[in-house]
Amino acid sequence: MCLLKVTGLTKTFKNKKDRVYALKGIDFSIKQGECLGLVGESGCGKSTAAEIIARLIKEDSGTIEFNGAYITSEKRLKCVGRDLQMVFQNPKDSFDPKYSLLESVMMGADSYRIYSKIELIKRAKELIKYVGLKESYMYKGIGGLSGGECQKASIARALICSPKLIIFDEATSALDVSVQAQIIDIMRRLKEEKGVSFLFITHDLALTSSICDNIAVMYSGRIVEYGKCRDVLCNPKHPYTKQLVSSVLPVNRRCDIPEFNALRDTQYAPKGCDYYAFCPNADEKCFKNVLHMFQIEGRSVLCCHADD
Amino acid sequence: MLDIKNLNVYYGKTHVVRDLSLKVNDGEIVCIVGESGCGKSTALKSVLMLDKNASVTGGSIIFNGKDITKLNASQIRKVRGSKIAMVFQNAVLSMDPTKTIGSLFCETVRAHNKKAQKADCLKKAEDIMKKLRLWETERIFTSYPFELSGGMCQRIAIAAAMMNTPQLILADEPTSALDVTAQAQVIRLLKQVNKNFNTSMLIVTHNMGVAANLTDKTAVMYAGRIMETGSTDDIINNPSHPYTKALINAVPEMNGKIPEAIEGLPPEFNDDTAGCPFAPRCSMSKDLCYKKLPQKHILSESHAVYCNYCYI
Ligand SMILES: Nc1ncnc2c1ncn2[C@@H]1O[C@H](COP(=O)(O)OP(=O)(O)OP(=O)(O)O)[C@@H](O)[C@H]1O
Ligand SMILES: Nc1ncnc2c1ncn2[C@@H]1O[C@H](COP(=O)(O)OP(=O)(O)OP(=O)(O)O)[C@@H](O)[C@H]1O
Ligand SMILES: [Mg+2]
Ligand SMILES: [Mg+2]
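As they're listed, the protein sequences go chains A and B.
Note that the working numbering has the first sequence beginning at 22, numbered continuously upward.
Note that the working numbering has the second sequence beginning at -17, numbered continuously upward.
In short, the hints are calculated from the structure, not lab data.
A few of these clues could be false.
Unchecked claim - In silico DSBU-like links for lysine-lysine, alpha-carbon gap of 30 Å or less:
{"#": "1", "chain 1": "A", "residue 1": "LYS35", "chain 2": "B", "residue 2": "LYS34"}
{"#": "2", "chain 1": "A", "residue 1": "LYS38", "chain 2": "B", "residue 2": "LYS112"}
{"#": "3", "chain 1": "B", "residue 1": "LYS(-5)", "chain 2": "A", "residue 2": "LYS45"}
{"#": "4", "chain 1": "A", "residue 1": "LYS258", "chain 2": "B", "residue 2": "LYS34"}
{"#": "5", "chain 1": "B", "residue 1": "LYS273", "chain 2": "A", "residue 2": "LYS150"}
{"#": "6", "chain 1": "A", "residue 1": "LYS143", "chain 2": "A", "residue 2": "LYS212"}
{"#": "7", "chain 1": "B", "residue 1": "LYS106", "chain 2": "A", "residue 2": "LYS143"}
{"#": "8", "chain 1": "A", "residue 1": "LYS258", "chain 2": "B", "residue 2": "LYS27"}
{"#": "9", "chain 1": "A", "residue 1": "LYS38", "chain 2": "B", "residue 2": "LYS34"}
{"#": "10", "chain 1": "B", "residue 1": "LYS97", "chain 2": "A", "residue 2": "LYS45"}
{"#": "11", "chain 1": "A", "residue 1": "LYS35", "chain 2": "B", "residue 2": "LYS106"}
{"#": "12", "chain 1": "B", "residue 1": "LYS112", "chain 2": "B", "residue 2": "LYS97"}
{"#": "13", "chain 1": "B", "residue 1": "LYS100", "chain 2": "A", "residue 2": "LYS35"}
{"#": "14", "chain 1": "B", "residue 1": "LYS273", "chain 2": "A", "residue 2": "LYS155"}
{"#": "15", "chain 1": "A", "residue 1": "LYS155", "chain 2": "B", "residue 2": "LYS112"}
{"#": "16", "chain 1": "A", "residue 1": "LYS37", "chain 2": "B", "residue 2": "LYS273"}
What the hints assert, rightly or not - For each label pair, taking beta carbons as the anchor points, the in silico distance ranges come out as:
{"#": "17", "chain 1": "B", "residue 1": "ASN180", "chain 2": "A", "residue 2": "GLY164", "range": "53 to 63 Å"}
{"#": "18", "chain 1": "B", "residue 1": "ASP8", "chain 2": "A", "residue 2": "LYS143", "range": "32 to 42 Å"}
{"#": "19", "chain 1": "B", "residue 1": "GLU283", "chain 2": "A", "residue 2": "GLY164", "range": "26 to 36 Å"}
{"#": "20", "chain 1": "A", "residue 1": "GLY293", "chain 2": "B", "residue 2": "LYS105", "range": "54 to 64 Å"}
{"#": "21", "chain 1": "A", "residue 1": "PHE308", "chain 2": "B", "residue 2": "LYS96", "range": "48 to 58 Å"}
The structure presented is a predicted model; accordingly, all values stated were derived computationally and were not measured.
Note that CB positions come from ideal geometry on N, CA and C, so glycine has one too.
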């Protein structure tokens, strides 16, 4: 059974003059104990999707089913809160610097009253150690933590209520590779032992390959490719995914980075394909065929080139 | 160009940066890698004396022949932004939320050149932004930082740092919020700026791909100290210190292999035991390591390591 099912989610932001189409209709689902990786161009709407699912902002249209109930209607907020936790892209932003580390982590359980005070303190202390923070930081102000330490603290806060789904919005980007490996290990244990599910938003494709079962690649407010993590990363089908995978910098040598320019004028995006300007395969078919999700080799690819 | 000698930084009583020495030559790109919380940002910020909570005791930071630790506030302000530009770890928080991105760019330029025209500033910003894959420049100029995504803000911070063509760019994890394509373009641009204007750079990163493809020299830090320095190629392909080796070993790969973490926790900063700070987690440590702080051992002209054993 699906723990989370998102269908047709859209969101438009209104700036002073412009409209930003942040989400143009995305669908995906996450099963219990599954980890879904969400990757893609910076600014393509990943955080927006996460924030809508966590009920921090409101969608324009679309439905979200969580644990068998529609959470897009107003009533449900409370019951979801505990089971669905989020680690934010800017951890420092999400804490009040007035409080100590221990208090901040305990706050994750504040509104749910599932533990007694003593239990709560015990659990918070355990979690702080579990994510690899030094014990001497327990009573230190959150403002005095480094970027990575703050990120660990927000992971601990998300874990305190034993949620069913955790959204990680670039929760490992400020961590050194060894601590990253530790967090991956924690995720893996939660997944296997407790059946916790994850929506793992990241820019690190290599990390997704070590923890995610499935992966969704986003471009400009749409999911362009969705499938088994291995398949998609080793044998990408959508031109954007291909370009993304080929941009990964090698670790052990220097490479020449080519300049990246638009191949065509962006204004004439045909039939809604936003990748047109960069797509090496674009031709007159892009104008004739409408974008459609196709199933090829066990995955879905958004494309206008149906017959190829 | 920049010569940091025996820098020591405290937060209150906590001794965070310990005896750090690091040199950035003219036109050189140097990076610092290391454990989260080991003092990388603290070291970088102290080059511009930015953190009021931090006290720099002992050591010197020589920039263009002047000791920055001895300058007063207004002298430092002159250096900041025009000669040395900084990109902060947390780009969104480092921007004023009440100002649009367009006015941020203008102010950056006007802080050092009062007569600059708005149109010229924006034109210049636009050129840089396009190179960083930020296409919707019009919209971005009229947006506030919180209306942009994390990666967009980060690229704007990088663009802002380049506006005054500084001699030295300090960048704290400048690509952590970027997709790999944008990351590659940032590196491409930084390299171009380095070549065209001979700009030196000191960069903190957790991404070994960035280190390998951008930097000439790498310093590995652990618990406030430097463990190993060398050419980036040496550090990545021929590491000597057990910590460096373990760190390189933890780099995730695309093949789905599970990366290996280093067992244990980093030491407490107020724990002033004699020996090597990495000893308790080191697979090679012997008795001596708990007693004697390793001295610098020169392995080659450009490669040095602080370890009691591994140079043998
Ligand atoms: N409050 C807002 N007002 C106006 N526009 C917004 C707002 N929040 C986000 N946007 C816009 O929506 C788009 C998607 O932003 P989002 O933060 O979801 O991107 P992202 O995929 O998380 O990117 P990144 O990887 O850089 O974090 C961006 O173009 C951004 O400028
Ligand atoms: N304002 C502060 N007050 C007290 N302690 C601080 C303050 N800022 C940082 N620290 C402590 O100093 C140490 C070094 O912090 P710093 O931010 O330099 O780490 P870092 O190497 O940049 O780590 P990261 O990679 O996680 O960003 C940390 O242990 C942190 O807890
Ligand atoms: Mg985001
Ligand atoms: Mg830092």
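Here is how each hint holds up against the structure:
| no. | hint | result |
| --- | --- | --- |
| 1 | A/LYS35 to B/LYS34 | violated (38 Å) |
| 2 | A/LYS38 to B/LYS112 | holds (21 Å) |
| 3 | B/LYS(-5) to A/LYS45 | violated (52 Å) |
| 4 | A/LYS258 to B/LYS34 | violated (51 Å) |
| 5 | B/LYS273 to A/LYS150 | holds (27 Å) |
| 6 | A/LYS143 to A/LYS212 | holds (23 Å) |
| 7 | B/LYS106 to A/LYS143 | violated (55 Å) |
| 8 | A/LYS258 to B/LYS27 | violated (44 Å) |
| 9 | A/LYS38 to B/LYS34 | violated (39 Å) |
| 10 | B/LYS97 to A/LYS45 | violated (44 Å) |
| 11 | A/LYS35 to B/LYS106 | holds (27 Å) |
| 12 | B/LYS112 to B/LYS97 | holds (25 Å) |
| 13 | B/LYS100 to A/LYS35 | holds (25 Å) |
| 14 | B/LYS273 to A/LYS155 | holds (23 Å) |
| 15 | A/LYS155 to B/LYS112 | violated (43 Å) |
| 16 | A/LYS37 to B/LYS273 | violated (64 Å) |
| 17 | B/ASN180 to A/GLY164: 53 to 63 Å | violated (38 Å) |
| 18 | B/ASP8 to A/LYS143: 32 to 42 Å | violated (56 Å) |
| 19 | B/GLU283 to A/GLY164: 26 to 36 Å | violated (43 Å) |
| 20 | A/GLY293 to B/LYS105: 54 to 64 Å | violated (32 Å) |
| 21 | A/PHE308 to B/LYS96: 48 to 58 Å | holds (51 Å) |
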